[in-house]
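Quick mapping for you: the protein sequence lines, in order, are chains A and B.
Quick note on our numbering: the first sequence kicks off at 1 and runs consecutively.
Quick note on our numbering: the second sequence kicks off at 1001 and runs consecutively.
What you were told as hints is all true, and nothing was included just to trick you.
Sample of chain A residues at the chain B side, in silico, Cβ under 10 Å: (1) S36; (2) N48; (3) G51; (4) A73; (5) R185; (6) R186; (7) E278.
Pair ranges (Cβ atoms, derived): (8) A:V64 x B:R1064: 45 to 51 Å; (9) A:G63 x B:E1034: 34 to 40 Å; (10) B:S1111 x A:K44: 18 to 24 Å; (11) B:E1034 x A:G248: 38 to 44 Å.
Pairs of lysine-lysine residues, derived as DSSO-like cross-links and limited to a Cα-Cα distance of at most 30 Å, are as follows: (12) A:K44 x B:K1112; (13) A:K133 x A:K90; (14) B:K1003 x A:K34; (15) A:K44 x B:K1044.
Simulated from the structure, these hints should not be mistaken for laboratory data.
All residues carry an ideal CB built from backbone N, CA and C; glycine is no exception.
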Amino acid sequence: MNIFTLLYIIITSAAALLFCIMAFTMPHKSKLEKNSKLKARYIKQLVNMLGEITPSEQITARGVRQRMALAEAIYIVVSHTYGIDTDKLKQITQINRLERFLSRAITFSRGIRRSHLLLLMSCLPASEEASDKLLHNINSRNSLVRTNALLATLALKPSHAIKTIASLDFELQHTDIARIIALLRRGLLPIAYEPLLESHNRNLRMLGIAIVRAFGINIAEKQLCHIIYTESDNEIATEALYTLATLGRTLSRTRIRERLATMPPSQRKDLCRHITTEGYSLQTMRSLFSIEESCHAEKLINSHKRKLTKIAATI
Amino acid sequence: MGKIIIYSQQIHTATLIAEVIADTADVEYCDTPEELIRHCIEHKPDLVIIIAIAPFLNGSHIIRRIRFRGGRRPAIYVIAWHQSEHIVLSLLECGVDQYMTFPICMGRLQSKINQFLQSNDTR
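Could you put together the complete structure from these sequences and hints?
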């Protein structure tokens, strides 16, 4: 076999391979583009419909592709806004049978796809009965599925929020709590922070602390201090300490110092950094931490990052 | 009618914001910082809405490039999910005029932009 024959074989096989790749990817790409355009069209229609006082033309979706695009468009609009007219959204959902469509799709899907569908369901103004069908997903082994199922259940049945969170048999992570807080910000969950802080359930207590931190509830200082003094779970006590520092409350109390002394060095250093960036004085840092740890705080204060924050704070 | 440029890497979020303010201004959107700068030079917008804080963190001096010397100095609004005080203060220090957090109220955003464009016209 001479060199030209070899070159001919290589070039033709490369061209064949390229053709195959293009044949497989092009339709997929154009399908994605079509879906994206459809979703954008539905977003525009939804925004126009929600912004109008007089009822306009109905939004219709027929078939799997259109219904999925409409559900995703509703998710984008609902998750990024608050104070929208839910009656109009309910009407769209009922006309296009989105609740039934998503419920069926959730039943016949697994893993990431199921978690995505659950997320879409959490933004749909569906009936409370739909949440009962999702309950078994809360105990899924897949963390994404169970978190999104929890969000969907909370959004569909807000009156049972505390009961649902209290009955969870897994520990809520920081990311899960942040997503519940996002629901609160949209005004979907009517939860008061006080009963949560007094609860003996770990998940409810963590959520209560997160609410205090996210909404800057200064009057919760007493309850936070009580948690720091008495809580046996180190994670909850640490979270309460962080929250107290974020609120800018007094930290130089004897019992807080005692609690700090029980913490491992790595956690203490992390907390020292947080307290420093929150703008506490070096004197407070020296009263709370050892000389070496205070030196770390001093370095941070003198650093460029801290200076930038200090200048900004004077605006 | 005022000119507004929206920058977001998530095209559907940009579509949502663009549609909310579409009645009040001439809206265009782009999904890369380079495209944003190019649009700013070509169209000379009254307002730039940036839906992310990432362009401020990568050292690209985006505001300096948007408000280039000798050109028009558009107002810059940022909309993002972050609520940390440090981030908000640092953005204001960078030169951002307004910072808003998601979720937004469509009516309020519309009236805020309207108010800005009207005050910009009278100036």
